[in-house]
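Here the sequence shown is numbered in my numbering, starting from 354 and rising by one per residue.
Fair warning: there could be bad hints in the mix.
[To be verified] Derived DSS-like pairs: lysine-lysine, alpha-carbon spacing no greater than 27 Å straight-line: (1) 405 / 558; (2) 603 / 467; (3) 404 / 467; (4) 603 / 405; (5) 599 / 404; (6) 501 / 545; (7) 603 / 640; (8) 671 / 599; (9) 558 / 664; (10) 501 / 558; (11) 558 / 640; (12) 405 / 545; (13) 561 / 603; (14) 432 / 359; (15) 501 / 404; (16) 561 / 467; (17) 671 / 640; (18) 671 / 404; (19) 359 / 419; (20) 545 / 558; (21) 561 / 501.
If you are wondering where the hints come from, they were derived from the structure by calculation, not from laboratory data.
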Amino acid sequence: MHEDVKLGYGIPITTDCAAKLSAAKLKHAEIYPVCLQHQTTIDARGASTTKKRVTHDLSNNRTEGKSINQRVIEPLVPKVTFGYTLLRICHAIHHFRYQNPSSRILLNKVDIEKAYRRVHTSATMASKCIAVWFADNDSSVPSPLNTKEIAVIMSRLPFGSLPAPAEFSQLSDVIFDLANDLITCEEWDPYKHPAPLATHIPPTKRIKDSIPFANALDPDVTLPNNMKSTCDGYIDDGIAIVLDNKDTTKMVERTRQAMVMAIQTIFRPNAGDEEPIPSPETASLRKLAAEGGLAEEGTVLGWHINTRSLKISLPDNKAVGWIQQI
Numbered sequence: 354m355h356e357d358v359k360l361g362y363g364i365p366i367t368t369d370c371a372a373k374l375s376a377a378k379l380k381h382a383e384i385y386p387v388c389l390q391h392q393t394t395i396d397a398r399g400a401s402t403t404k405k406r407v408t409h410d411l412s413n414n415r416t417e418g419k420s421i422n423q424r425v426i427e428p429l430v431p432k433v434t435f436g437y438t439l440l441r442i443c444h445a446i447h448h449f450r451y452q453n454p455s456s457r458i459l460l461n462k463v464d465i466e467k468a469y470r471r472v473h474t475s476a477t478m479a480s481k482c483i484a485v486w487f488a489d490n491d492s493s494v495p496s497p498l499n500t501k502e503i504a505v506i507m508s509r510l511p512f513g514s515l516p517a518p519a520e521f522s523q524l525s526d527v528i529f530d531l532a533n534d535l536i537t538c539e540e541w542d543p544y545k546h547p548a549p550l551a552t553h554i555p556p557t558k559r560i561k562d563s564i565p566f567a568n569a570l571d572p573d574v575t576l577p578n579n580m581k582s583t584c585d586g587y588i589d590d591g592i593a594i595v596l597d598n599k600d601t602t603k604m605v606e607r608t609r610q611a612m613v614m615a616i617q618t619i620f621r622p623n624a625g626d627e628e629p630i631p632s633p634e635t636a637s638l639r640k641l642a643a644e645g646g647l648a649e650e651g652t653v654l655g656w657h658i659n660t661r662s663l664k665i666s667l668p669d670n671k672a673v674g675w676i677q678q679i
């Protein structure tokens, strides 16, 4: 919550003010609880680490009336296609191997930092997403929470909103489509005109030549024979895949930078320390360092994919977690 206010995503007000707004129905103000969702993420080296994500419980049962999520008119929520992203990625990898039995297949993943917080909501919606939080005595050191409360009006797309994934996907799908166009655009020379964050992208990693290529069986899904690359995505994760041989050298470099260039093109430039309000880079630098480089194997949407062996498996830490839950 402190970070949301610091980065300009939330507007702090006193709890007395929030109560008065809610009681007076001013701008239809409503207060909803926040929760902590336990998740795993990665550090800049790709090592798994735990994190806690603050979510806004907009499904919380109210003493009267319906919750925000219960009031959503679902037929009006934009349709999404990200539910089949992993399947499409697997089809593309299989297709590349089937058409090119002895060529490498490279992939990378670029994450949009604080994705939902990049999208403003209307004033009416923001007034319905008020959260109440305790103020620390001193945020720089661990200390008990005191009784002083503050309220924060969330002015950005909230985590916990039913239509949020679909709403954000309208933006991110454009980014993925643009990345696809950049990959196949022969007029773009990424060596002469690199993406703004190109220096943060790790070098390409290839498996040693002695490791054999797995054979691809006859496909059930037919893709264009001349297809050599693709970019797909799941909400805030963009995944690019490219065939790697002597005929695709320039395309490989375009693929390496395409997602970052597309993100930088759609979102406004970042002025760094000159920003009036602190603003992190839109492409996650931490995850870019861990997953942004092209490689023959990597973790995509929670699954480890090896394009050389054509195998997909759960990462060790996720397998342990699943087994413990079972």
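Going through the hints against the structure:
With a CA separation close to 31 Å, the supplied pair residue 405 and residue 558 exceeds the 27 Å bound. Annotation: proposed proximity of residue 603 to residue 467 is violated, straight-line Cα distance about 31 Å (limit 27 Å). At roughly 14 Å between alpha-carbon atoms, residue 404 and residue 467 fall within 27 Å of each other, so this suggested pair holds. Under the criterion of a C-alpha separation no larger than 27 Å, the hint pairing residue 603 with residue 405 is inconsistent with the structure, at around 40 Å.
Straight-line distance between C-alpha atoms of residue 599 and residue 404 comes to about 42 Å, which puts the hinted pair past the 27 Å bound. As the CA atoms of residue 501 and residue 545 are separated by approximately 55 Å, the hinted pair breaks the 27 Å bound. A C-alpha spacing of about 24 Å is found between residue 603 and residue 640, which places the hinted pair at or below 27 Å, so the restraint holds. For a cut-off of 27 Å, the pair hint linking residue 671 to residue 599 is broken: about 37 Å separates their Cα positions.
Restraint check: the Cα-Cα separation between residue 558 and residue 664 comes to about 18 Å, which is no more than 27 Å; the hinted pair holds. Distance hint between residue 501 and residue 558 is unfulfilled; the C-alpha atoms sit about 52 Å from each other, more than 27 Å. As the CA atoms of residue 558 and residue 640 are separated by approximately 16 Å, the hinted pair is consistent with the 27 Å bound. For the suggested pair residue 405 and residue 545, the alpha carbons sit about 41 Å apart, so the restraint of at most 27 Å is broken.
Using a Cα cut-off of 27 Å, the hinted pair residue 561 and residue 603 holds, with the two alpha carbons roughly 21 Å apart. Taking the CA atoms of residue 432 and residue 359, the gap is about 33 Å. The hint is violated against a cut of 27 Å. At most 27 Å may separate the alpha-carbon atoms for a hinted pair to count; residue 501 and residue 404 meet this at roughly 26 Å. For the hint linking residue 561 to residue 467, the alpha-carbon distance of about 36 Å lies beyond 27 Å, and the restraint is violated.
The suggested pairing of residue 671 with residue 640 holds, with an alpha-carbon distance near 18 Å, which does not exceed 27 Å. As the CA atoms of residue 671 and residue 404 are separated by approximately 14 Å, the hinted pair is consistent with the 27 Å bound. Annotation: proposed proximity of residue 359 to residue 419 is violated, straight-line Cα distance about 31 Å (limit 27 Å). Distance restraint check for residue 545 and residue 558: the Cα-Cα separation of roughly 22 Å lies within the 27 Å cut-off, and the hinted pair is therefore satisfied.
Among the hinted pairs, residue 561 with residue 501 is inconsistent with the structure: their alpha-carbon atoms are about 59 Å apart, more than 27 Å.
Consistency with the previously given hints fails for numbers 1, 2, 4, 5, 6, 8, 10, 12, 14, 16, 19 and 21, ordered from lowest to highest.
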